[in-house]
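Colleague: The lines below spell out each chain.
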Amino acid sequence: KNQVEQSPQSLIILEGKNCTLQCNYTVSPFSNLRWYKQDTGRGPVSLTIMTFSENTKSNGRYTATLDADTKQSSLHITASQLSDSASYICVVSYLSGGYNKLIFGAGTRLAVHP
Amino acid sequence: DAGITQSPRHKVTETGTPVTLRCHQTENHRYMYWYRQDPGHGLRLIHYSYGVKDTDKGEVSDGYSVSRSKTEDFLLTLESATSSQTSVYFCAISKKDRGDEQFFGPGTRLTVL
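Chains A and B, in that order, are what the protein sequence lines are. All residue numbers for the first sequence refer to this note's numbering, where the first residue is 1 and numbers rise by one. All residue numbers for the second sequence refer to this note's numbering, where the first residue is 1001 and numbers rise by one.
Just to be clear, a hint being listed does not mean it is correct.
Distance ranges between label pairs, derived from CB positions [claimed, not checked]:
no., chain 1, residue 1, chain 2, residue 2, range
1, B, Gly1051, A, Asn18, 42 to 48 Å
2, A, Ser46, B, Leu1113, 32 to 38 Å
3, A, Gly16, B, Ser1069, 50 to 56 Å
4, A, Glu54, B, Pro1106, 27 to 33 Å
5, A, Tyr99, B, Glu1014, 35 to 41 Å
Hint data in this document are derived by calculation from the structure and do not stem from the laboratory. Backbone N, C-alpha and C define an ideal beta-carbon position, used for all residues, glycine too.
Build the full structure now, drawing on both the sequences and the hints.
Modeller: This is the structure in structure tokens:
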């Protein structure tokens, strides 16, 4: 069964600290993996996308990694800011019947405290 | 929110009443989607459209219907709302297919009493 699991479910860190969020998937055949940020009361916004051949992608203080062999991805946030408080959603795209389909993880809720 | 608006933003209704949610885009993107988001679940696809009058079911389509008569508008209708349809509904758009980057609207919070 195609699944995307994220851990931890929630996380609290102090401003300025680093953190790493995990995403494990069992989706096949893999097409790409995106990380989205969702602020409270808003729609998700794409942070990064990685295809099978990419193992690292950065977007400012956000760095995503992908290990296609173990089917794991991580999102590392450096020098966290209060504005990083949000849910982070891992989304995996796979091919089915010749079309791309998506599976969304349930997300990790991050709270950055001063 | 990438030129996507949803209306209404909040709605409270009673079981058995019909409800229509509207999604409007100004990006002229071909693909449009309706998702629902519930605590403990990832976003789940209800229906999507790949062009005017071209729609298809997602993974949780029971109890929902959609229509797309213009490129910019995608309507989601709950013919007879049930309490299990209490959720936050997101519209999204993309230029190409579902594997392409999707841009999300601000969401509609629907409560069915």
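Colleague: Hints the structure violates: just list their numbers, smallest first.
Modeller: Result: no hint breaks.
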